[in-house]
Amino acid sequence: MGRYVVRRLLQMIPVFIGATLLVFLMMYALPGDPVRALWGERSVDEAQIAAMKADLGLDLPLWHQYLNYLLGLLQGDFGTQIASGRPVIDVITSALPATLRLTALAFLITVVLGVGLGVIAGLRRGGKTDRMILFVTLLFISVPVFVIGYLYQVFFAHNLGWARPTVQDPTAWSQLILPAMVLSSLSLAYVARLTRTSVAENKRADYMRTARAKGLTGRRAVSVHLMRNSLIPVVTFLGVDIGNLMAGAIVTEGIFNVNGIGSAVYRALSYREGATVVGIVTFMILVYLVVTLLVDLLYAVLDPRIRYA
Amino acid sequence: MPDVPMKATPEAATLKATQPAVPVPVDEQPDSGPAPGKPRSLWSDAWHDLRRKPSFLISAGLILLFLTIAAFPGLFTDASPRDGDLTQFYLQQPQLTHFFSPEWLGYDAQGRSIYARIIHGTRASIIIGLTVTAIVFVLGSLVGMLAGYFGGWVDTVLSRVVDTFMGIPFLLGAMVILVSFDVRGPMVISLALAVLGWTTIARVMRGSVIQVKQADYVQAARSLGAGTTRILMRHILPNAIAPVIVVAMIALGGYISAEATLSYLGIGLADPAVSWGGDINFGKDSIRVASHVLIFPSIMLSATILAFLMMGDAVRDALDPKLR
Chain F
1 MGRYVVRRLL QMIPVFIGAT LLVFLMMYAL PGDPVRALWG ERSVDEAQIA
51 AMKADLGLDL PLWHQYLNYL LGLLQGDFGT QIASGRPVID VITSALPATL
101 RLTALAFLIT VVLGVGLGVI AGLRRGGKTD RMILFVTLLF ISVPVFVIGY
151 LYQVFFAHNL GWARPTVQDP TAWSQLILPA MVLSSLSLAY VARLTRTSVA
201 ENKRADYMRT ARAKGLTGRR AVSVHLMRNS LIPVVTFLGV DIGNLMAGAI
251 VTEGIFNVNG IGSAVYRALS YREGATVVGI VTFMILVYLV VTLLVDLLYA
301 VLDPRIRYA
Chain B
1 MPDVPMKATP EAATLKATQP AVPVPVDEQP DSGPAPGKPR SLWSDAWHDL
51 RRKPSFLISA GLILLFLTIA AFPGLFTDAS PRDGDLTQFY LQQPQLTHFF
101 SPEWLGYDAQ GRSIYARIIH GTRASIIIGL TVTAIVFVLG SLVGMLAGYF
151 GGWVDTVLSR VVDTFMGIPF LLGAMVILVS FDVRGPMVIS LALAVLGWTT
201 IARVMRGSVI QVKQADYVQA ARSLGAGTTR ILMRHILPNA IAPVIVVAMI
251 ALGGYISAEA TLSYLGIGLA DPAVSWGGDI NFGKDSIRVA SHVLIFPSIM
301 LSATILAFLM MGDAVRDALD PKLR
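From first to last, the protein sequence lines stand for chains F and B. With full-length UniProt numbering, the residue at position 21 of the first sequence is 21, and numbering never jumps. With full-length UniProt numbering, the residue at position 256 of the second sequence is 256, and numbering never jumps.
Hints listed in this document are in silico derivations from the structure and should not be mistaken for laboratory results. By construction, the Cβ of each residue, glycine as well, lies at the ideal position given by its N, Cα and C atoms. One thing to keep in mind: the hints can contain errors.
Per label pair, the in silico range of CB-to-CB distance [what the hints assert, rightly or not]:
(1) L71/F - P272/B: 25 to 33 Å
(2) R212/F - P54/B: 41 to 49 Å
(3) Q214/B - R209/F: 23 to 31 Å
(4) L74/F - Q214/B: 37 to 45 Å
(5) P272/B - V5/F: 54 to 62 Å
(6) L60/F - Q219/B: 52 to 60 Å
Dumping the calculated DSS-like pairs for lysine-lysine here, alpha-carbon to alpha-carbon at most 30 Å [claimed, not checked]:
(7) K203/F - K128/F
(8) K53/B - K128/F
(9) K53/B - K203/F
(10) K214/F - K203/F
Chain F extracted, bound-state conformation (with noise of 0.2 Å):
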């Protein structure tokens, strides 16, 4: 197990270089030049831009930036806005908590109805219940997050009156539960989908006539049996899904009004504001990077053939 973890870690390395290099690139080998913008329409002083750059280490050669930026991050330090001065790590600090609840309260969903949906259908492959399943499934993978969020809010807030359109207050789960039920609609369908195709294949299993054999209630053999067996493809998608919820976010939150991660990666996207992007990029690669590894971990202690392969 010790080895498998440190292998695991080791891999990590140069897929986090390559992928915050590659954002890196992204976003300075763009046009536009982010110092020079400050100074808007008024006439530019060329040497206080380039006092500035120097100040900033923009005027450095690109690797040599993105040296500094990796050793920045190696201490905690996210960059830098230009414009506000304002550190990254900060911008992300203050949006991070309404995020989370909501990516929080989204995961929920997505675990107790896809799993729950995806058992269901697959102990009755074929049958009705499966078949609609599989069409409220198919729908909600069709129809893009953003049509979701203005239909859920027209009906749900507009023309019953049971929640808010947009959220006021990102500290009440109440006024969260809305926006979770749009960000979860995508992944919940994928989920309830795959569950139900390995419990439909899992309960041909031999190991599930010989439980059944053995003497062993229907329900005992479906609980401990199909499900231990069924849910571990399961918990793989469950995991890298928690990095698409927060990317996901960027959609909902503008429909919902949250001030989070979301809203800020998609101000900043707009406002040109590199440092902030790249940051802000870069933290949810970790988050998806760490949150790969616990789950690649928490695999190899479900599944002893993976430990050991």
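Dock chain B against chain F, hints included.
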């Protein structure tokens, strides 16, 4: 996916690599299939299944319709998607009985016919979906095949490259690329999506090739003296490609959704280009007084995505011998 919505399609990925199909007794269908005694190939077997499947027929019909609309929008409407008449048509409600006329689905806040706009918006979505899928299919299959077949350090290096691209959130990455372009045409958007999207296909192809390369017929071909290129092209590729095709089909719907999301966020296609995502963004401002501005492009967009997903689902079920 995405985010959105773009993410790996886990279900399709579980589809195992092609096994030579189990011979089906030929006398069951005397009218179809090859000569008696010869087992049908996996594909003809699948085709035999698909022809009888309502979900396949419906999705194929829908896709055909959308392709026709994309190629010849003039067949469906004479109205221009860009001409607005503010004095007469501002947010006019749909006239649902006036089939196929410009006022059928109502007008938007600039007095433009929504029917004309959703017809003319089809082309952009379809072109971007097809282009991204084509690039991703070629690039991903190539990388996946090399990594899976050669193994060793080739696999290690290529897999790390795949992991690196996978570490970047799909939609966010595309936004970061696109925001640097002042003019974003369909080609630029397609490239941005393809750069981040090819990894899914590469992973599926790699897994599929690893399974196929242990098959007896590959050993046989090698012992008969076939070269690497021949083994790859004649034996591995045809037998490993089935799951990749399924994933690509399902992903096509995802790319159309991603393009719409980008256009909706204002980082994709912009005026004067006509796109469903942009129209949905435009419609959200009048959602409470004139919901039709948002609803009809949404229906069109969702139906397109649904058609490709349904097609992928149907083909996967037909190709998967385990479900027989």
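Now for the hints, and whether the structure bears them out:
1. For the pair L71/F and P272/B, the beta carbons lie near 46 Å from each other, so the given range of 25 to 33 Å is not met.
2. Range check, R212/F to P54/B: Cβ separation about 34 Å, and the 41 to 49 Å hint is violated.
3. Distance hint check for Q214/B and R209/F: the Cβ-Cβ separation is about 28 Å, which falls inside the suggested range of 23 to 31 Å.
4. For the pair L74/F and Q214/B, the beta carbons lie near 44 Å from each other, so the given range of 37 to 45 Å is met.
5. In this structure the hint that P272/B and V5/F lie 54 to 62 Å apart at CB holds, the actual value being about 55 Å.
6. Range check, L60/F to Q219/B: Cβ separation about 56 Å, and the 52 to 60 Å hint holds.
7. Annotation: proposed proximity of K203/F to K128/F holds, straight-line Cα distance about 18 Å (limit 30 Å).
8. Distance check on the hinted pair: K53/B and K128/F sit about 17 Å apart at the alpha-carbon level, within 30 Å; holds.
9. The suggested pairing of K53/B with K203/F holds, with an alpha-carbon distance near 25 Å, which does not exceed 30 Å.
10. A distance of roughly 16 Å separates the Cα atoms of K214/F and K203/F; the hinted pair therefore holds under the 30 Å criterion.
Figure legend: structure checked against the earlier numbered hints; hints not met, in rising order: 1 and 2.
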